[in-house]
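Since the structure of chain A is provided, determine the placement of chain B on it from the hints.
Below are the chains, spelled out letter by letter.
Protein chains: 2
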Amino acid sequence: MRIAVLHPGEMGSAVAAALSPSGTVGWCSAGRSDVTRRRAQEAGLEEFTALGECTDWADAVVSVCPPAAAEALAADVSGTGFRGLYLDANAVSPATSERIGALVADAGATYVDGGIVGPAPRRAGTTRLFLAGERAGEVAAWFEDGVLDTVVLDGPVGGASALKAAYAGWTKASAALLTAVRGYARAAGVEEELLDEWDRSQPGLRDRSDASFARLLRTAWRFEGEMREIASTMDDHGLPADFHDGAAAVYRRLARVDDADDDPGRVLDRFLEP
Amino acid sequence: MRIAVLHPGEMGSAVAAALSPSGTVGWCSAGRSDVTRRRAQEAGLEEFTALGECTDWADAVVSVCPPAAAEALAADVSGTGFRGLYLDANAVSPATSERIGALVADAGATYVDGGIVGPAPRRAGTTRLFLAGERAGEVAAWFEDGVLDTVVLDGPVGGASALKAAYAGWTKASAALLTAVRGYARAAGVEEELLDEWDRSQPGLRDRSDASFARLLRTAWRFEGEMREIASTMDDHGLPADFHDGAAAVYRRLARVDDADDDPGRVLDRFLEP
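Quick mapping for you: the protein sequence lines, in order, are chains A and B.
Heads up: the first sequence runs through residues 1 to 274, numbered per this note's numbering.
Heads up: the second sequence runs through residues 1001 to 1274, numbered per this note's numbering.
Please keep in mind that the hints were generated in silico from the structure rather than gathered at the bench.
Ideal Cβ placement from N, Cα and C applies to all residues, glycine included.
Mixed in with the good hints, there may be bad ones.
[Claimed, not checked] Using C-beta positions, here's what the derived DEER-type ranges look like:
id	chain 1	residue 1	chain 2	residue 2	range
1	B	1035	A	126	51 to 59 Å
2	B	1274	A	44	47 to 55 Å
3	B	1030	A	218	54 to 62 Å
4	A	203	B	1141	23 to 31 Å
[Unchecked claim] Here are a few chain B residues that sit away from chain A, every Cβ distance over 12 Å (derived from the structure):
id	residue
5	1001
6	1033
7	1048
8	1053
9	1057
10	1066
11	1069
12	1075
13	1083
14	1107
15	1122
16	1123
17	1143
18	1210
19	1225
20	1246
[Unchecked claim] Interface residues of chain A toward chain B, partial, derived using beta-carbon atoms under 8 Å:
id	residue
21	29
22	94
23	117
24	274
Pulled out of the complex, with its shape left as it was, chain A reads as follows:
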């Protein structure tokens, strides 16, 4: 198997490493950063400098990129005439996933819908790739010898994206809510009193809130788009989109906090700046 991973960012390079036992993994360096190149080299990926060369070579393409870029990447790959197997593993809504599936199928490729739950996998058991679509079982087989666990879903394309949306719809939106509420308490002058009350009646919540800042600051830049995708799929089902619109607004604010400072008070002060 020859598999192209587009692109080997933090998650993509870990997915590529998990694929290595099953075949040769390539990537396309056009327009990518030096950080991405270093990751690709460390993972031993075969470099292509043009997308067309990469997709001509590949039997399969695995798309791992920020959600807002997923559709454009599928269009670029389709534009090269790629007719192999195309896996989108991004945090997009089921509707976006279905559009991507139609787009790559029109160009002659076969589509598999994916969704990754967990951190970039470095060891077994931390992270699962959910898969849906006719050839989902085939994709799962590529990962049999790596550290990324797979779960094949019954049902049509879109299920893996729905599962991922529901999962992140709690984890990332609840983290954003916790930030917003603690930020409110700070702005209203009752943060210490709130933390004292949490210590009495919500054990663990102070620590959960403190610990979330360092993590959120590193990843907030790509969560805004993911929250917008979830808001859109909630709305598609006639459910309130507000929670995830609010979470998108929180992550947009947190993405501005670009220093590495993870002191909760200082992060909140920056968060509260208009």
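Below, chain B without anything else, positioned relative to chain A:
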């Protein structure tokens, strides 16, 4: 001390019972239900049939009612010429609390801002009344011998309402988010797969979600207004109001589920009906 509790609902009657060691507690039966009368009688409260008689008799009025009714109740009490101490212990925004404070002060009464965190108190340690305002310490003293703990906040009127808003802004909005997300997963056909993933990577979340339904169904009717108050105070601080607008929408839907059925699947099916 003669203290009028308006009104002895589930929370109000427990607050009245916590006050009994410090004085005589009265209530006003005009327009109240038989359930409320039974609660008031069981708590040994002195009945007044007209609000003016009740407030003429009382040294202090404690307002415990749904947030949407708090301002009108303060206006009614002020309309009787009440000039004692007025405690609003409702889940209103700090801005609403400040308006109520101005209203009762204009009529000659003294205002204390309150916020209750926890269930209706039946035993010590479960529930705290936060208090803010010049005579907050005096109010705290009334509760010294009862099961309702008090916390006097430094700072002006509004702080107790802010503390309560921040606290419920997490607990009730996160419960609403959990309901919305699980409802989404059910609608999208991946609820079982989501619960399986929660069991793997979010231990306790399935049980938390299951357990919340019975509790939410009983109380959803009065949470919508509380969520609107919190949305408004978030907005006052330039923070996203969306989370609590979404939570208000969830509680409005849950309030329709009027049967006592707490099977999670059946509750979610009713919740998902347009």
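Taking the hints in turn, this is what the structure says about them:
1. 1035(B) with 126(A): 51 to 59 Å: holds, 52 Å
2. 1274(B) with 44(A): 47 to 55 Å: holds, 53 Å
3. 1030(B) with 218(A): 54 to 62 Å: At 59 Å between Cβs, range holds.
4. 203(A) with 1141(B): 23 to 31 Å: Holds, at about 30 Å.
5. 1001: Residue 1001(B) clear of chain A: closest Cβ-Cβ about 27 Å, beyond 12 Å.
6. 1033: holds, 30 Å
7. 1048: holds, 35 Å
8. 1053: At roughly 38 Å from the nearest Cβ of chain A, residue 1053(B) sits farther out than 12 Å, so the non-interface label holds.
9. 1057: Residue 1057(B) clear of chain A: closest Cβ-Cβ about 34 Å, beyond 12 Å.
10. 1066: Correct as stated: the minimum Cβ-Cβ distance to chain A is 22 Å, above 12 Å.
11. 1069: holds, 23 Å
12. 1075: holds, 25 Å
13. 1083: Label holds. Min Cβ-Cβ 30 Å, cutoff 12 Å.
14. 1107: Since the minimum Cβ distance to chain A is about 27 Å, residue 1107(B) lies beyond 12 Å and the statement holds.
15. 1122: Answer for residue 1122(B): holds, closest chain A Cβ roughly 16 Å.
16. 1123: holds, 14 Å
17. 1143: holds, 17 Å
18. 1210: Correct as stated: the minimum Cβ-Cβ distance to chain A is 14 Å, above 12 Å.
19. 1225: holds, 16 Å
20. 1246: The claim is violated: residue 1246(B) sits with its nearest Cβ about 3 Å from chain A, within 12 Å.
21. 29: Cβ of residue 29(A) sits 34 Å from chain B, so the hint is violated.
22. 94: Hint on residue 94(A): holds, closest Cβ of chain B at ~7 Å, below 8 Å.
23. 117: holds, 6 Å
24. 274: The hint holds - residue 274(A) has a Cβ within 8 Å of chain B, the shortest such distance being about 5 Å.
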